[in-house]
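Model the full structure from these sequences, guided by the hints.
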Amino acid sequence: MTRENSLVSAQWVEEHLDDPKVVLVEVDEDTSAYDKGHIKGAVKLDWTTDLQDQVRRDFVNKEQFEALLSGKGIANDDTVVLYGGNNNWFAAYAYWYFKLYGHQDVKLLDGGRKKWELDSRELTDEATNRPATTYTAQEQDLSIRAFRDETVEAIGVKNLVDVRSPDEYAGRLLAPAHLPQEQSQRAGHIPTAANVPWSKAANDDGTFKSDAELQKIYEEAGVDFSKDTIAYCRIGERSSHTWFVLKELLGQENVKNYDGSWTEYGSLVGVPIALGDEKGEA
Amino acid sequence: MCGATEGGLALAGVNAAKEAVIQGQVTRAGEPVHGAYVRLLDRTGEFTAEVPTSATGHFRFFAGEGQWTLRTLAPKAEPVDKVVHAAIGSIAEVTIPV
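In order, the protein sequences belong to chains A and E.
Just so we're aligned, residue 0 is where the first sequence starts under numbering that gives the first Met the number 0, counting upward by one.
Just so we're aligned, residue 0 is where the second sequence starts under numbering that gives the first Met the number 0, counting upward by one.
Hints are computed from structural coordinates only; laboratory data are not their basis.
Small disclaimer: the values here were computed from a predicted structure and weren't measured.
Ideal placement from N, C-alpha and C gives every residue a C-beta, glycine not left out.
Where hints are given, some of them may not hold.
[Claimed, not checked] In silico DSSO-like pairs for lysine-lysine, Cα to Cα no more than 30 Å straight-line:
| id | chain 1 | residue 1 | chain 2 | residue 2 |
| --- | --- | --- | --- | --- |
| 1 | A | LYS39 | E | LYS75 |
| 2 | A | LYS208 | E | LYS75 |
| 3 | A | LYS215 | E | LYS17 |
| 4 | A | LYS199 | E | LYS75 |
| 5 | E | LYS81 | A | LYS208 |
| 6 | A | LYS71 | A | LYS114 |
| 7 | A | LYS114 | E | LYS75 |
| 8 | A | LYS278 | E | LYS17 |
| 9 | E | LYS75 | A | LYS35 |
| 10 | E | LYS17 | A | LYS43 |
| 11 | A | LYS226 | A | LYS157 |
| 12 | A | LYS114 | A | LYS215 |
| 13 | A | LYS114 | E | LYS81 |
| 14 | A | LYS114 | A | LYS157 |
| 15 | A | LYS39 | A | LYS61 |
| 16 | A | LYS20 | A | LYS39 |
[Said to hold, decoys possible] To give a feel for the contact side, a few chain E residues facing chain A, derived at Cβ under 7 Å:
| id | residue |
| --- | --- |
| 17 | GLY7 |
| 18 | ALA9 |
| 19 | VAL13 |
| 20 | LYS17 |
| 21 | GLU18 |
| 22 | TYR36 |
| 23 | LEU39 |
| 24 | ASP41 |
| 25 | THR47 |
| 26 | VAL50 |
| 27 | ALA54 |
| 28 | PHE60 |
| 29 | ALA62 |
| 30 | PRO74 |
[As the list claims (entries may be wrong)] Computed beta-carbon distance windows for the label pairs:
| id | chain 1 | residue 1 | chain 2 | residue 2 | range |
| --- | --- | --- | --- | --- | --- |
| 31 | E | ALA28 | A | ALA281 | 55 to 65 Å |
| 32 | A | TRP11 | E | THR55 | 29 to 39 Å |
| 33 | E | ILE90 | A | GLY36 | 22 to 32 Å |
| 34 | A | GLU121 | E | VAL79 | 17 to 27 Å |
| 35 | E | THR94 | A | LYS20 | 41 to 51 Å |
| 36 | E | PRO31 | A | VAL156 | 50 to 60 Å |
| 37 | E | PRO31 | A | GLN51 | 33 to 43 Å |
Right, dumping it as structure tokens:
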């Protein structure tokens with residue numbers, strides 16, 4: 000994977016607004032944002048209801064994902080272009096999710112909704128109607144998804160990349176600061192994890208930095224590209240953004256996203272936790 | 000939920016005594032600016048959170064004790080930085096003209 004086949008510009012999207020084989024998909028943390036205005040022709044995915052099992056803490060299964068995409072009018076051979084607010088956090092999460100279920104041609108709109116808005120490009124509240132399809136998903140590709148046990152085993156062995164803000168990493172905050180801080184998890188980070196906040200990979204307008212800049216950021220933070228990598232954050236969406244950078248932009252081979260992330264790890268009984276700005280010992 | 004609602008999360012249901020709230024309004028020539036982006040940077044300048052402003056130009060963060068910088072991006076305006084101090088149990092009010 001490279002930048003050319005995983006990322007598109009706002010200009011490219013404007014030129015393909017009427018292309019029936021290009022499906023724009025908006026995914027926002029604020030699930031009401033789409034309803035107030037979206038890019039023409041875009042369909043909406045609600046990450047809380049469409050992408051999460053409503054009882055267990057897990058994703059929707061293959062059959063549910065197939066039903067979801069079929070209902071949204073997305074075909075297996077469509078080019079899916081994801082975008083969203085918050086610098087594409089949830090769009091990157093959906094990108095990773097589409098890859099998990101084997102969709103071939105999926106891309107991110109560089110800069111997402113923010114860049115689109117800051118450019119004063121057009122948004123509409125017009126409803127999108129796409130005829131239903133019969134979508135077929137693959138079994139989950141677990142080469143890109145990490146679970147808790149392998150994350151614990153990765154301490155001191157693989158690259159662990161904690162992409163939360165430095166204050167969350169150190170344990171001074173428990174959640175990103177647009178959310179209340181009272182949380183049930185323990186504070187801190189997984190020992191030996193490097194702290195490379197997702198935001199270091201993005202410019203202020205939400206677009207990604209150049210490959211050379213990105214490479215340097217991770218190397219300087221002590222990420223050893225000869226090793227396998229597991230990225231995590233609080234609930235797995237910011238780490239999808241970093242997974243996208245490492246796997247899709249920089250072309251690293253073995254990169255997994257630990258979607259259980261700190262809400263799971265910080266609630267586990269008996270696992271080691273490091274506090275403060277230092278990585279901590281294995 | 001781990002993302003920014005326009006204007007920031009409402010205080011309803013939040014125990015404000017345990018939070019260090021930073022909130023305010025983005026204005027242009029005295030009028031509220033909707034759809035600006037306010038980012039909260041920590042004392043080292045690192046990104047900590049971001050919210051788009053509401054229809055009335057408002058934003059809200061739940062920070063920690065100490066000094067923070069608010070960086071505001073709005074269409075057709077230069078970014079504006081403003082330093083603010085937050086403390087648990089209090090609300091820091093900020094107006095940001097762009």
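Against the structure, the hints come out as follows:
no.	hint	in the structure
1	LYS39(A) to LYS75(E)	holds, 23 Å
2	LYS208(A) to LYS75(E)	holds, 22 Å
3	LYS215(A) to LYS17(E)	violated, 39 Å
4	LYS199(A) to LYS75(E)	holds, 24 Å
5	LYS81(E) to LYS208(A)	holds, 25 Å
6	LYS71(A) to LYS114(A)	holds, 25 Å
7	LYS114(A) to LYS75(E)	holds, 12 Å
8	LYS278(A) to LYS17(E)	holds, 28 Å
9	LYS75(E) to LYS35(A)	holds, 21 Å
10	LYS17(E) to LYS43(A)	violated, 35 Å
11	LYS226(A) to LYS157(A)	holds, 6 Å
12	LYS114(A) to LYS215(A)	holds, 24 Å
13	LYS114(A) to LYS81(E)	holds, 22 Å
14	LYS114(A) to LYS157(A)	violated, 34 Å
15	LYS39(A) to LYS61(A)	holds, 29 Å
16	LYS20(A) to LYS39(A)	holds, 14 Å
17	GLY7	holds, 6 Å
18	ALA9	violated, 10 Å
19	VAL13	holds, 5 Å
20	LYS17	holds, 5 Å
21	GLU18	holds, 6 Å
22	TYR36	holds, 6 Å
23	LEU39	holds, 5 Å
24	ASP41	holds, 6 Å
25	THR47	holds, 4 Å
26	VAL50	holds, 5 Å
27	ALA54	violated, 9 Å
28	PHE60	holds, 5 Å
29	ALA62	holds, 5 Å
30	PRO74	holds, 5 Å
31	ALA28(E) to ALA281(A): 55 to 65 Å	holds, 57 Å
32	TRP11(A) to THR55(E): 29 to 39 Å	holds, 34 Å
33	ILE90(E) to GLY36(A): 22 to 32 Å	holds, 30 Å
34	GLU121(A) to VAL79(E): 17 to 27 Å	holds, 26 Å
35	THR94(E) to LYS20(A): 41 to 51 Å	holds, 48 Å
36	PRO31(E) to VAL156(A): 50 to 60 Å	holds, 52 Å
37	PRO31(E) to GLN51(A): 33 to 43 Å	holds, 34 Å
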